[in-house]
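For the record, in the sequence shown the residue sitting at position 186 is 186 according to this note's numbering, with numbers rising by one throughout.
Hints may contain errors.
Result set (DMTMM-like, lysine to aspartate or glutamate): computed pairs, CA atoms no more than 20 angstroms apart in a straight line [said to hold, decoys possible]:
| no. | residue 1 | residue 2 |
| --- | --- | --- |
| 1 | Lys-117 | Glu-75 |
| 2 | Lys-43 | Glu-166 |
| 3 | Lys-40 | Glu-183 |
| 4 | Lys-43 | Asp-33 |
| 5 | Lys-95 | Glu-79 |
| 6 | Lys-235 | Asp-271 |
| 7 | Lys-250 | Glu-278 |
| 8 | Lys-281 | Glu-26 |
| 9 | Lys-156 | Glu-183 |
| 10 | Lys-235 | Glu-79 |
| 11 | Lys-250 | Glu-26 |
Note that these hints are calculated values from the structure, not bench results. Owing to the predicted nature of the structure, the values given are computational and were not obtained by experimental measurement.
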Amino acid sequence: MKIRLLLPALLLLRVTGFAQSGPPAEVMVVGCDHLNQIYKPDKPATDVLTPQGQQQISRFTAAIARFRPDMLVVEMLPEEQPRLDSLYALYRQDKLDLAALPGGRSEVYQVAFRLGKQLQLPRIYCSNAPGGTSQGILRTGQNIEVYQQAGAELSKVAGTKRAALEDGSLPLHSYLAALNQPEIYNLVYRLRYVTPARVTNGRFTNPDAAVDTAFVDPRYIGAELISVFKNRDYKIYSNIVTQAMPVRPKRVLALFGAAHIGSLQSIFASDPEFRVVEARKYLRK
């Protein structure tokens, strides 16, 4: 009888890539707006390359560095790994001028490179996955007004924060810290992964190539949209856990767009090999 009871546990240990006897790895998903996209030439407070912007990014990086990750993953596709490795090597040798680098304002360079060098991490992992789509392709269907109201609520909250950043009344560090608070990222989570399920009997408007309309059931149009978003997040999760298997990290920091926070946290929360740590523990409003 004891032998029979042990077999499932042994099989589970073989199937999973991690040792069941050790403590779970901690994972912290840090949300960050895409800093290249929020930059506006006529809004100096949005420019991370100014002395003030560099000070704000340094403060943000110092805060999340207290998590002490030994593995750092970013929102770049795995096929971009060789180029990222090359740039990161130059950065660690103080041979890379981010101000002269195309896209040098990106959070990958401004936050991840800075953090990786500070913690002496040998590599930064590209863990993004293709997919995803625009929330705006869902415009018709029964109960569409519920989805539109949720979108308007998020736009109002996020718009207020963005306007304060742009006029200089909200420092960049505080803006990024706000994105990692539950009252913000839960609004995003509900809009992308909960509320659309209430929309039925509709169609997508101008869907992009990421949406295979041949398999979309109009009766569940909102759920179909959720599946597109979630499909990408599960691929991101797959990239992270498979990259972690040979490394066996104790603490993983995932730097992704703020829209991914709630979803990735929920996925990792269901994996016994990981324990989710919320970034708000290190980022104050």
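Checking against the hints above, which ones are violated?
3, 5
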